[in-house]
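With these hints in hand, go ahead and build the complete structure from the sequences.
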Amino acid sequence: MSVKMTTRQVGDVTVVDAAGRITLGEAASTFRDTIRDLAASGHKKMLLNLAEISYIDSSGIGELVSGFTTVANQGGSVKLLNLTKRVQDLLQITKLYTVFEVFDDEAKGVSSFK
Amino acid sequence: MADQQTQPHTLEQVFESELESVDSAEETVVAEAAHLGFDEDDLHRIGISVRECMVNAVVHGNRYNARKKVHLKVERTPEQLTIWIGDEGDGFDPNAVPDPLAGENIMRHSGRGVMLMQAFMDEFSTYTRQPQGTEVKMVKYKPKRATEGGNS
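Protein sequences appear in the order of chains A and B. Using the numbering used here, you'd call the opening residue of the first sequence number 1 and step up by one each time. Using the numbering used here, you'd call the opening residue of the second sequence number 1 and step up by one each time.
If you're looking for bench data, these hints aren't it; they were derived computationally from the structure. Every residue gets a Cβ at the ideal spot worked out from N, C-alpha and C, and that includes glycine. Hints are all accurate, no fakes.
Derived lysine to any residue pairs resembling SDA-like cross-links, with alpha carbons at most 20 Å apart: (1) A/4 with B/23; (2) A/95 with B/102; (3) A/95 with B/114; (4) A/79 with B/108; (5) A/44 with A/8; (6) A/95 with A/84; (7) A/79 with B/109.
Simulated restraints on C-beta separations: (8) A/77 with B/80: 40 to 46 Å; (9) B/96 with A/108: 38 to 44 Å; (10) A/98 with B/77: 36 to 42 Å; (11) B/96 with A/98: 21 to 27 Å.
Partial list, derived from the structure: chain B residues whose beta carbon lies under 7 Å from chain A: (12) 19; (13) 48; (14) 51; (15) 52; (16) 55; (17) 101; (18) 106; (19) 107; (20) 109; (21) 110; (22) 113; (23) 116; (24) 119.
Listed below in C-alpha cells is the structure:
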C-alpha cells in the first residue's frame, strides 16, 4: 500500500490531503515529488493534512523534514494538520514536534498563514 | 501440556536483499507478536522496529546485493518476543550514527531508525555476525497486565 496525495486550494493556502502509508520506496518518493512540484509551481503556503496517514517510518519522517526545508528555502512554509496519535508520538520521540506548527482544526491552520 | 505452553516457539526465515522483504518480514513478526496478545499500539511499535531494522539490513548492510541475504529469527515465549535480524554486510556501529536529537541533526533527512528501534523495543543490541555482517537483537516484553489474568 502506498500514499495518495490530493491537493485543494483554500484561499492562497494549499491543503495537501495525504492518505495511506509513507514508507521507504515508492510512497516516500510520491510524497517528496508532490511537495517539490507544488513548491516549484509557486505554492508557498502548504498545510499537510495527515489525518488519513496510518503509518509512517523514519524515511517518511525524513520526507516531512525535507519538505519543510524545501519549501522554507523558497520562502514558504509547511504546517501540519490532523496528526494521528501514532504520528504525534513519532514527532515527539524525534523532537520534531517543536519544529512543525501543528493544528487540529483546518480553519485555524489556514488562517495561521495570514 | 504445560511444557508445550512454556516452550519457546521459534521461526526462522531468509530474505532477499530487496525492499519487498521489508514488508514480508514486518508481516511475519507482527503476526507472531499478535499470537502473544500484544495490543495494537505495541504491534505498531514492533512492526516499525522490524521495518527499520530490515531497511538497515537491506539498504545499508547488504546494499541490495542479490548474493547477500537477510536472516530473520523470531522467538516467542509467554513473556516476551525476541527478534534477531542479521545481514551479510561490512559491519555496522550504531554508536557511529550521529545523535538525531542533537540540535544540529534535528533537520537531517535520515538517521532516526536506530533511535526508533531503541524507543519502541525494550531491549536493543547489535553483534558482529560470523563470518560477516551485523546482527541486531530486539526484545519486547509482554505487559504484565496482559499476562496476570483479570482477577482485579
